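Engineer: Chain residues, written in single-letter form:
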Amino acid sequence: TQLLEQSPQFLSIQEGENLTVYCNSSSVFSSLQWYRQEPGEGPVLLVTVVTGGEVKKLKRLTFQFGDARKDSSLHITAAQPGDTGLYLCAGGGYGGATNKLIFGTGTLLAVQP
Amino acid sequence: NAGVTQTPKFRVLKTGQSMTLLCAQDMNHEYMYWYRQDPGMGLRLIHYSVGEGTTAKGEVPDGYNVSRLKKQNFLLGLESAAPSQTSVYFCASSLTASGRAYEQYFGPGTRLTVT
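As they're listed, the protein sequences go chains A and B. Here our numbering is used: the first residue of the first sequence is 1, the next is one more, and so on. Here our numbering is used: the first residue of the second sequence is 1001, the next is one more, and so on.
Honestly, I wouldn't trust all of these hints.
Stated by the list, open to error - Listed below are several chain B residues computed to face chain A (Cβ distance under 10 Å; list not exhaustive):
#1 GLN1006
#2 ARG1044
#3 GLU1059
Since the hints were made in silico from the structure, they are not lab data. This structure is a prediction, so every number in the text was calculated from the model and none was measured. All residues carry an ideal CB built from backbone N, CA and C; glycine is no exception.
Given the sequences, and given the hints that come with them, work out the whole structure.
Structural biologist: Pasting the structure below:
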C-alpha cells in the first residue's frame, strides 16, 4: 500500500480542457511538493506548499494543500500539449523525518492537440 | 553547472552480475538520494545520504549498497543483480532540509534491465 495515492492514474484530454489531479494520504505531512517529469528525464519541482489550506498559482496551474495537511490537488486550466507528462506529488516531514520525501504513485497526463 | 549527472544511461545485466551506478552533483549539496521508478509506483527511496561519509536505508534497500566517500559523488551498487531490479534509477540531491521544505534536483536516470 502506497502512503500517497494519486488519482487518476492516467488522464487523456483535449487541448483547452480543465483537469484536476488528486494526491491523498491518511498521514499528515509538513510539506507537499508537486513535480513534473517528461519522458527520459528526471522530475522537476513545480511548487512546494507548507501550510494547511494554502493555495498557490503558477500561471495556469493551481495547487492546494488540504486543511489537515493530508491531501493536495493540482488543477490545470486550459491544458496545452506542453503540459503532457507524469505529475508526482511528494510529502515531506512524514514521521518527523525532515531529510526525505515520500512520493505519490503518479498521474500520467496526455494533452492532445 | 551540469547539475546532477548519472552514468551509465542504459545497462543490461545478466542475473547474478554486479554493477555500480555513479551519481555526481556540482551544486555542493549535502543530501543525496537514490530512487527507483517502476510503473504505477512513483519513486521509491532506496538509500540516501545526509553528508559525506554517511548513508541510511530508505524504503526498498534490500539488494543494494551505497557509498558516499566524496561529497559530490553517491554510488549505488548491485552485488548480485536480479530480474526484480529491472527499473529506472534516479539520483537526486538537495541543499539541506531547510525547515520543512526543500527541493530535490534529479539526474536524467539510468535504465537497467536484468535478464
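Engineer: So, as I understand it, the hint says B/GLU1059 touches chain A; can you test that by seeing if any CB pair is closer than 10 Å?
Structural biologist: holds, 8 Å
Engineer: Minimum Cβ distance from B/GLN1006 to chain A below 10 Å?
Structural biologist: holds, 9 Å
Engineer: Can B/ARG1044 be said to touch chain A, with a Cβ gap under 10 Å?
Structural biologist: holds, 7 Å
Violated hints for the displayed structure: none, as all numbered hints are satisfied.
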